[in-house]
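Asks: Sequences and hints are given; from them, build the entire structure.
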Amino acid sequence: MIFNGILLTAAKQIKQERSTSSIYHLLTGSRSIQTLQDAHIFSNQAFFGIYRGLRKQIFDEKITALIQAGFLEETVEEKGRQAVRCLPEGETWLAAHQSRIPFHYFQGFLYFDKADVFYNRLLLLVQTLSNTNESNFSFIPVIHQPATERFVRQFYKQIKENERSYLEELYDELVQLLAAFPEEEAQIFIDRFSGYNHYGKSLDQLAIQYNREAADIRLLLVGMIHMLLQKIEISQSDYSALYPLVADLGQTVKLVGSPGKTYDLFKQGLTPEEISRIRSLKINTIYDHLAEIALYDPAFPFSDYVSERDTKEILQAIQETNSFKLKTIKENVHPEISFFQIRLMLVFHHKLREGGSRHG
Amino acid sequence: MGETLHLENELQKHFQYHSFRLGQREIISDVLQGKSVLGILPTGSGKSICYQLPSLLLDGLTVVVSPLISLMIDQVKELKAKNFKRVVALNSFVTYSERQMVMEQLHHYKLLYISPELLQQPQLLKRLSQLKISLFVIDEAHCISQWGHDFRPDYLKLGKVIENLHHPPVLALSATATPAVQADIIKSLDRPRMVKRVYPMDRNNLTFAIQDVTSDQEKLELLTIYLNKHYGPALIYFSSRIQAENLARILTEKLPELQVAFYHGGVEPIDRIQIQQQFMNNQIDVICCTSAFGMGINKQNIRLIIHYHIPSQMEAYIQEVGRAGRDGKPSICLLLYGRYDAAIPKSIIENELPESGEIRMIMQQLKVLSEQGIELTKETLHDLNELFQISEIKWRFLRFHFEKHGMINGKKVVYQAEHWRNVYEHLVKWIQSRSLYKMEELQEMIRWAESDDCLRKQLYKKFQSGYDPPIFECCSNCGIDLEQWEAQALPPSLQKDTDWRGKLRKLLLGAEHEAK
Ligand SMILES: [Zn+2]
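Protein chains in written order, with full-length UniProt numbering: chain E, 1 to 360; chain X, 1 to 516.
Some hints could be false.
Said to hold, decoys possible - BS3-like, lysine-lysine: derived pairs with alpha carbons at most 27 Å apart: (1) K394(X) / K157(X); (2) K157(E) / K82(X); (3) K367(X) / K282(E); (4) K157(X) / K282(E); (5) K394(X) / K56(E); (6) K327(E) / K79(E).
Please keep in mind that the hints were generated in silico from the structure rather than gathered at the bench.
Replies: This is the structure in structure tokens:
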């Protein structure tokens, strides 16, 4: 139900402007500029990266089922461009189930990176402390990730002296946080933990036990983690046991990898052409990076790249066509305006709208 | 004599075992004398001691190549728990920066586990070649043989690696290798004078049973009957992931007193560990699984192994049933055989390697890339994959051969019409002969399933002459009486239906707080 609800909502919000695969990229958290921008433009930020590792085949099967149920429709334009539409039956279904799907848990754009790290640390920490508390030092860790294992090892060293009081604090904090959820959700959350002489349930086991779909169990856990993260970050001092698990994760959204390197050069005042030469990357790749930078950098100098006259023209085209499609807009502006400039203006338009009427 | 005693002392000192198991001492003393050895030891016989102990006694580094990452990780954990600290594993799960760290410190280690892919990295290979390698171990050595049941192209490159490491002594280990595969291993490694230490793989506590069925419905009925008898922990092997999942659900409904779960390669890592360990911990009674399950699992009291589908090879079957009865107590191996099932392994064999049409298409596309001077980057490879939708295994196979024949050199495609045509013909022929061989293996398995002769005798005859008399019942062809088998009491379910607060309290604050 949760998975269906999210797919239908995402489809509804993209207003026939994109295909189903854009929803796939959204859920799996693809870092492409297109996906990042789309998430903003269509207000799908909450769902960004909430289902990482989703296999394309599973996704396609789900979409096919929704199409067969008459909830979704895939349309093909004369130019062969595909789009997806949420049909009235789909909207009716959504309206009927809205109250039972915890949409408000999800904050993908804020936590898509942190959620996994935090959850893995929590699972491994609970398992470790549960064992050490019983003086058992040989158990098979449920998380096999050197970074997570190192973190927990390090953390354990810090609290070893006061293990008992730490455990009591951790217990109190988790109880307090989980009590805010319906009983069954808290139950599912706890059943997944491993500890002393006990190994937690797999997603599929939980699905059978609670008579839900495995995908829903997974999404529910992700959503719950987002809620936990939000509460922990807002009132850090109230969660002195849990906050250290996220304290080092820093800025929620940051530019990493190749775009990050471009950003460094950009801040030194280099032009796209110079950056392209220095990094031996195609100029279009640099433009991709700049569009991403524009999205995050509050002081991005749009006017360096798009003249006032062109800005007006592009924004007008966006308004008139009521479209966010690069191609549609390109056809409605004078030919010297590039795709890169249109993309920057889409970001600009989005920032403008978000700043003016946040949540309005 | 003195040396023998010395070895037992070392074994006791480092591993807390009192005596060697079959074959271990012989292999270890060969290795300590600098000989290269091919060791064939049955599953569960403690193969790893054969290199773990020498690694401590030899001067220099012991390198263990293993294709099974989870096994690698488990072994490193076990060794560290035993206070063997100078051990490390390198595989694709280890991040680049961590790899760098390990490489710098490599001279501090005695034992290095490494996956075959990583051994292809020039930087790592160079670093290794600067060190003294006292022993080069190839675990699951049958993977090197194109006739083995688990051929891995990366293994074929090991001969070259050994050369780069200045020819250290080699220890090749396997649990299942027919004489033909043994010969192939020795040939691939180019070590004709390797000492062969081959030990019998028959297990006298296993009873073999085959039940002919004509439909999946009948299989389900039989499964329900057998599992209802509560012989003890059970594994059910499937050829298909979906069927393993479905049956786990159906059996959960039909047998509510049993805990049934499923496991296959598509299950995510945390869940794989949790399911495995629940089984070890008696939280689960039955696992519906594919052949992905079982590597490195060391549960002593598995009483029943059922094959829902016929395996494609005797070797694979022997390895899978070998997980039953590690404690030496009588255990049942049951095959539910429907003639209609042969279609599944047949199609697996047919789809395992690329067809001639696929090879032609891909070569054509590579040719286009070379003409346009396009490099094989991650992106271009991704696009190629999108275009042909070929499996990872098929692509790795082709890439290996293209590189071997100089058609791909690093990121460059090197086109040469005649050479390419020859390679194409060679590959097609090779694939055909391999498919043929696998089909023959499948036929052999089917003949076994349909034979009226003693199943034990027929199963092991390809590997050894003769076998131990069974300690309990022999096989369904010799006649067995299932009433003789004792039911085992179900372990009490570990997790009672307490609410989540109670469960969390028990987890974090311990059992004595449970009732607070
Ligand atoms: Zn017999």
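Asks: For each hint, tell me whether it holds in the structure or not.
Replies: A quick look at each hint next to the structure:
Restraint check for K394(X) and K157(X): satisfied, since their Cα atoms lie roughly 17 Å apart, inside the 27 Å limit. Among the hinted pairs, K157(E) with K82(X) is consistent with the structure: their alpha-carbon atoms are about 21 Å apart, no more than 27 Å. Using a Cα cut-off of 27 Å, the hinted pair K367(X) and K282(E) holds, with the two alpha carbons roughly 24 Å apart. For the proposed pair K157(X) and K282(E), the alpha carbon gap of about 36 Å is over 27 Å, so the pair is violated.
With a CA separation close to 20 Å, the supplied pair K394(X) and K56(E) stays within the 27 Å bound. Of the pairs offered as hints, the one joining K327(E) and K79(E) holds, with about 11 Å between alpha carbons and a cut-off of 27 Å not exceeded.
Hint 4 from the list above is the single one not met by this structure.
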